[in-house]
Amino acid sequence: MTSNIDAVSRIPLRDSADREKLSLLPWFLIALVFAVAILLRQVVPLNTDVSWLLTVGERVLDGERLYVDIVEINPPMSVLAYLPGIVLARALGLDPKYVIDTQILLLAAASLLVTARILRLSSMLDKVRWASLAIWAAAVLTILPMHVFGQREHIATLTFLPALAVYALRSNREPLPLWAILTAGVGAGITLAFKPYFAIPAILCVVMSAVRAHSWRVLFSPENVIAGGLVTAFSFYTYVFYPEYFTATYPLVRDIYLSWSMPASVVLLNSATLIWLIAVISIFLVRRTNELDSAALVTLLASFGFAISFFLQGRGWAYQSYPMVALVLLGMGYVLTGAASIQAGSRRFEIAAMSMLAATFVVGSQWFNAQVYVGPIEGAVAALKPHPRILVLSGEAAIGHPLVRTLHGVWVSRQESLWAREFVRLTREHNSIDPQTDARLNGYLAQERTWLIEDFKSLPPDVVLIDNLRDGWGAWARADAELTQLLRPYTLVQSIEGIDILRRTER
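Be aware that the sequence shown starts at 15, since it is given in our numbering, and climbs by one per residue.
Since the hints were made in silico from the structure, they are not lab data. Don't take each hint at face value.
[Said to hold, decoys possible] Here are the simulated lysine to any residue pairs, SDA-like style, with alpha carbons at most 20 Å apart:
#	residue 1	residue 2
1	K209	F318
2	K141	V74
3	K209	M91
4	K399	H422
5	K209	K141
6	K471	T498
7	K209	N88
8	K111	Q56
9	K471	A460
10	K209	L244
11	K399	P416
12	K141	G107
13	K471	E496
14	K209	Y81
15	K209	S273
16	K141	R361
17	K399	E258
18	K209	K399
19	K111	R134
20	K209	E258
21	K141	I157
The model shown is predicted, which means the values in this text are computed figures rather than measured ones.
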């Protein structure tokens with residue numbers, strides 16, 4: 015979360031060789047972390063949602079209308095965040111994936127440097143060992159995400175870090191330069207624009223700053239006004255330019271997405287919660303005789319706020335937990351490695367600290383690298399036709415994404431997957447449905463079927479993948495006369511892991 019340059023300035027140096035050695039080694043290790051992160055981008059598959067949002071962004075640039083021609087349940091920021099990268103990729107003739115990956119790594123580097131510079135303005139954080147902390151922070155922000163790299167939560171965490179540094183200094187009643195205020199305000203505003211849930215950590219941190227500073231005026235600090243203004247402006251922009259989000263998309267989301275949640279055991283009992291508890295307990299055990307300083311406190315409180323948002327979303331999906339996990343690991347790293355006053359010189363403590371950090375990092379990396387296994391369908395589809403037009407009959411988005419981008423194909427549907435049928439099923443399983451609600455749910459199912467048939471006729475796919483493993487999509491299609499007629503020109507090539515691969519017969 016911070017830079018290491020000042021670590022060198024606080025260590026007595028005997029000669030120029032020592033100075034060069036101490037200054038270059040941390041930078042080399044940070045560069046090594048980023049090199050590993052770059053390598054992982056070539057090995058770890060593109061995230062399913064990121065792949066879909068890149069496809070949405072390309073369609074928007076081609077003239078299609080979000081929430082009209084494209085069905086997406088998230089606010090516009092989820093798409094707009096990727097548009098600059100897509101535009102640049104087109105100008106350079108590159109795959110947007112590589113441009114987006116590069117931009118996010120640059121954002122991580124910029125976030126680290128800016129956050130470091132803000133924290134170094136504090137006279138109360140002089141004893142922090144920034145070098146080891148900077149290396150740890152770089153790993154948490156670039157390597158830990160694994161398969162959720164580039165997700166909205168990942169981007170939101172990166173843009174929020176400078177604001178956390180400003181909140182820390184505000185709580186100490188320390189002065190801040192204009193550039194720090196602007197960076198924090200804009201960054202916090204961007205974070206809040208992704209999801210309303212992200213207001214929780216921001217509010218907690220602002221209130222904490224005001225309480226510690228013993229001044230209610232901190233609530234209306236310039237960075238908070240800027241963030242609030244940006245959120246208000248973006249909400250107005252969404253209302254004016256994307257009215258369908260409120261009139262068509264939100265009612266659908268409200269009725270079939272927000273009306274159910276995963277079992278409490280899934281939401282609460284997972285690796286994210288385990289890591290969070292271990293980190294929090296470690297922090298308080300180490301600092302049990304000392305009060306947490308402003309940097310540790312604000313990071314821990316922000317993580318707690320993101321944990322609340324994670325639990326409130328009620329899904330237990332790994333990517334939604336990234337902010338809470340990343341921030342609590344940054345806080346633990348700060349306390350265990352950054353605070354020079356804690357057990358300085360204790361070899362036993364250093365070994366224990368490194369072991370704890372390594373263990374939580376490994377568990378977190380595995381948690382964030384979890385992927386839906388759909389079988390080796392990529393090779394089978396690639397052998398049928400180059401750059402195929404692909405349609406998937408399933409509520410599982412991972413079947414089609416990133417497959418369609420990997421094969422440089424064309425996605426036929428206006429949806430990421432046929433999620434309405436899946437969400438309606440879950441809504442009925444988790445709720446008591448009255449006749450009026452049941453009729454409304456049936457209306458959503460009919461609407462999704464209409465979308466599917468319109469898309470099928472508008473752009474006949476070369477390949478159709480039918481998911482028979484999850485919720486009987488093959489039987490559902492065969493029971494529909496119009497879909498059966500549309501599928502007549504297709505022949506079954508093979509079935510892999512319950513997924514039928516159909517190819518259109520050439521005439």
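> Between K111 and Q56, is the straight-line Cα distance small enough, at 20 Å or below?
Replying inline: 10 Å, holds
>> Can you confirm whether the C-alpha distance between K209 and S273 stays at or below 20 Å?
In response: Roughly 17 Å between the alpha carbons, so the hint for K209 and S273 holds.
> Between K471 and A460, is the straight-line Cα distance small enough, at 20 Å or below?
Replying inline: Status holds; Cα separation ~17 Å.
>> Checking one constraint from the list: CA of K399 to CA of E258, max 20 Å. Satisfied?
In response: Given pair K399, E258 is violated - Cα atoms ~37 Å apart, limit 20 Å.
> Holds or violated: K111 with R134, Cα cutoff 20 Å?
Replying inline: 35 Å, violated
> Does the alpha-carbon distance linking K399 and H422 stay inside the 20 Å limit?
Replying inline: Holds, at about 11 Å.
>> For K209 and N88, compute the direct alpha-carbon distance and say whether it is at most 20 Å.
In response: 8 Å, holds
> Are K209 and K399 close enough, with their CA atoms no more than 20 Å apart?
Replying inline: 39 Å, violated
>> For K209 and L244, compute the direct alpha-carbon distance and say whether it is at most 20 Å.
In response: 14 Å, holds
> Does the alpha-carbon distance linking K209 and M91 stay inside the 20 Å limit?
Replying inline: Measuring from Cα to Cα gives roughly 9 Å; hence the hint holds.
>> Does F318 sit within 20 Å of K209, going by the straight-line distance between their CA atoms?
In response: 16 Å, holds
> Between K209 and K141, is the straight-line Cα distance small enough, at 20 Å or below?
Replying inline: Between K209 and K141 the Cα gap is close to 36 Å, so the pair fails against 20 Å, i.e. violated.
Of the numbered hints listed earlier, those contradicted by the structure are 2, 5, 12, 17, 18, 19 and 21.
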